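Next come the chains, spelled out residue by residue.
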Amino acid sequence: DAKTTQPPSMDCAEGRAANLPCNHSTISGNEYVYWYRQIHSQGPQYIIHGLKNNETNEMASLIITEDRKSSTLILPHATLRDTAVYYCIVSARGTGTASKLTFGTGTRLQVTL
Amino acid sequence: DGGITQSPKYLFRKEGQNVTLSCEQNLNHDAMYWYRQDPGQGLRLIYYSQIVNDFQKGDIAEGYSVSREKKESFPLTVTSAQKNPTAFYLCATNGLAGTGELFFGEGSRLTVL
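From first to last, the protein sequence lines are chains A and B.
My numbering applies: residue 1 is where the first sequence begins, and numbers increase by one.
My numbering applies: residue 1001 is where the second sequence begins, and numbers increase by one.
Since the hints were derived computationally from the structure, they do not count as laboratory data.
Small disclaimer: the values here were computed from a predicted structure and weren't measured.
One or more of the hints may lead you astray.
To be verified - Derived lysine to aspartate or glutamate pairs resembling EDC-like cross-links, with alpha carbons at most 20 angstroms apart:
id, chain 1, residue 1, chain 2, residue 2
1, A, Lys3, B, Asp1059
2, B, Lys1009, B, Glu1106
3, A, Lys100, B, Asp1059
4, A, Lys100, B, Asp1054
5, B, Lys1071, B, Glu1024
6, A, Lys100, B, Glu1106
7, A, Lys100, B, Glu1015
8, A, Lys52, B, Asp1059
9, A, Lys100, B, Glu1062
10, B, Lys1057, B, Asp1038
11, A, Lys3, B, Glu1062
12, B, Lys1014, B, Asp1038
13, A, Lys69, A, Glu55
14, A, Lys100, B, Asp1038
15, A, Lys100, B, Glu1101
Stated by the list, open to error - Derived list of chain B stretches under chain A, where covered just means 3 residues or more per stretch with a C-beta under 8 angstroms from a C-beta of chain A:
id, region
16, 1069-1081
17, 1102-1110
Every residue, glycine too, gets a C-beta built ideally from N, C-alpha and C.
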């Protein structure tokens, strides 16, 4: 699986958009970009994933560059509850095979008043 | 409620004792995984299983053992051979025909005294 690079920490004011970047310059054509977050002392929570098109769900938006070498997770209106570690993961999604996702150290997002 | 149940949430053991962590799921997912997380670090894959009676080593399997006798259950034993067993242990599942995202339990925090 391709490696990812994320800033170790970011701050965001409550109510503002949080834009979390991720570089994955060695991504292969069949690899998806997944985002998870982990609130302190809990299990990670799936947020969103995409292949090459931008994706949006009730939690966030995922913007993937045209060359697929980087992506940005956008939390449109951050709240204090969004304070967490955010993991960007790149992995091939083979139907019928296990998802052995590799979680790095992620970005610690601190949302402040 | 559907979900993943890990127990116990907190566990204290003396050095040299084997410990078994429970992971039960009622999501009817095929695959189950065990991850280990140390403070300030990402998640590392210990073992995973795609089907009953079969499991594979992850990146840090030494000192651990698992079994998969039932689809719903994937217990992890931390043996006395594990040199640094104090950690946060996370169980995850996913359906192999799904979109690849993992569902996590709430974790078990093991402290070896």
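(request) Compare the structure with the hints numbered earlier in the document and write down the numbers of the violated ones, lowest to highest. (result) 7, 8, 11, 16
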